[in-house]
Amino acid sequence: MKVVLPVLGLLAIIGAWWLATIVFGIEPFLVPSPADVVGEFLEVPGYLLEQALITLWEAVSGFGLAIVIGVPLALLIVGSTVLERMFYPLLVALNAVPKVAIAPIVVVWFGFGISSKVLMVVLVCIFPIVISTASGMKSTPGELVELFRSLDAARHHEFFKLRLPYALPQVFVGLKVSITLAVIGAVIGEFVGASAGLGFVISQSGGNANTSLAFAAMTLLAIMSVALFYGLSFAERKLLPYA
Amino acid sequence: MISLHGVSHTFGNVEALAGIDLEVGEHEFVAVIGRSGCGKSTLLRLIAGLLTPSEGQVLVAGDRVAKPRRDVSFMFQQPALLPWRSVLSNVLLPIEIFGFTRREYRDRAHELLDLVGLGGFEKRLPHELSGGMRQRVSLCRSLIQSPRVMLMDEPFSALDAITRTELSEELQRVQLELPRTVVFVTHSIDEAVLLADRIVVLSPRPGRIHKIVDVDLPRPRALGQVELDQVSRELRGLLAEVTA
Ligand SMILES: Nc1ncnc2c1ncn2[C@@H]1O[C@H](COP(=O)(O)OP(=O)(O)OP(=O)(O)O)[C@@H](O)[C@H]1O
Ligand SMILES: [Mg+2]
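Just so you know, the protein sequences line up as chains A and B, in that order.
Quick note, the first sequence lines up with residues 1 to 243 if you use this note's numbering.
Quick note, the second sequence lines up with residues 1001 to 1244 if you use this note's numbering.
Mixed in with the good hints there might be a few duds.
Unchecked claim - No more than 27 Å apart at the CA atoms, straight line, and that leaves these computed lysine-lysine pairs for DSSO-like: (1) B:Lys1067 x A:Lys161; (2) A:Lys238 x B:Lys1123; (3) B:Lys1123 x A:Lys161; (4) A:Lys2 x A:Lys238; (5) B:Lys1067 x A:Lys138.
Unchecked claim - Covered by chain A, according to a simulated footprint, are these stretches of chain B (three or more residues, beta-carbon under 8 Å): (6) 1064-1070; (7) 1081-1087.
Read the hints as simulated data drawn from the structure, not as lab findings.
Since this is a predicted model, take the numbers as computed values, not measurements.
Ideal Cβ positions, reconstructed from N, Cα and C, are used throughout, including at glycine.
Please work from the sequences and hints to get the whole structure.
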């Protein structure tokens, strides 16, 4: 039942789309039919999957890097009011800058290769991770904190045995927001300047009005995002059965 | 075991406790009652070293209390269990924090869990337990470090009446088997009379010792026992005086 309903919904949408392209006789270069899209994919499946893997790698490694940087950052922010006052506003400011505006600069600095895309992903992912981790750690119930105090627990015990594990369910909320942003970040990077990846494929196909190819690439992006999101949800259920 | 000499405590401009003098002997069970906000939790926190008194001295085992001690355990109104830890790991938490090896205390943890009827539940997570079972786990946790002093702040008041009765009878059994020095805050007169050697009645704002009632009744006692009624009646009278 859990799988049946979403699949049914998807089939309904695809059916409606297909019907619309036939009934209204829409030109394939405006809106290709599902069959055109699948046909396009089947013409160059190896190429598209290769590009998808590149985008996936950019998104996942940037996401991982954002965790590696973001979680300790959140620890520092929760641990020190001075650091919080110094850097929290900066973090908010960084997040407020439209990432599309940063992308060209990032590409200028880090080149057309993978590193500029990974950096873009880190930039879009880090904010939700820091915020969710920090606020999760701060929301640790008073009685648990008092328990640790009554045991005369060292600060690192309070952090690693109490606050951080307590924050994990909230950390996962941040991670799930981030993982979908990660794919978007990678694609923005590829739009601005790249020689590979699904974002590159889309911007190229726009140039030759090959709409079917763009749709095929977008479909792959969507599948990728959904798979990453549900992969994380699955990991969350396994890791945090109590949440 | 515990001595308070002229202890007062003020939060900002709220005077919570004033001029408390109290001696609690080894293995004595002292209950503290008084209306809400009269400073009962503050009293326990002072003994625990979670607060420093504004005035006066708190001594445990002859030493001035400056910070929480390992031979004093605190049990709260809420079970305060870590939701990601199994029952066994929760019980062993103080051992981990103290830097002792868990292995050496595992048998003891099992014994304590058996003692409160939780044998076989070691691997469960707190959310799989009932409220009463969680509070039992919390009791085991505060016993694992073999404390000389146990401070209990209304430990059963979040439970339903039946579970509450069950647990207070169980605490009596545990106390007979593993005697400790206990300071037990409660709102329930029946609970106090069932468990305590002496009952301290606090007057409100600022909390002062209004009267100390001795309960010279043999153990084990049972709730509803006629002999307890007389003490209960006396306490009800004292509380009425204090509230008036
Ligand atoms: N951290 C604090 N900061 C300021 N005032 C406090 C603090 N803790 C307690 N108080 C005040 O001190 C007084 C005594 O509080 P305490 O918690 O000791 O009462 P209590 O007897 O335990 O009440 P209850 O039966 O409701 O638990 C109250 O008036 C309360 O408002
Ligand atoms: Mg209280």
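Legend entry - Numbered hints the structure breaks, given as an ascending list: none
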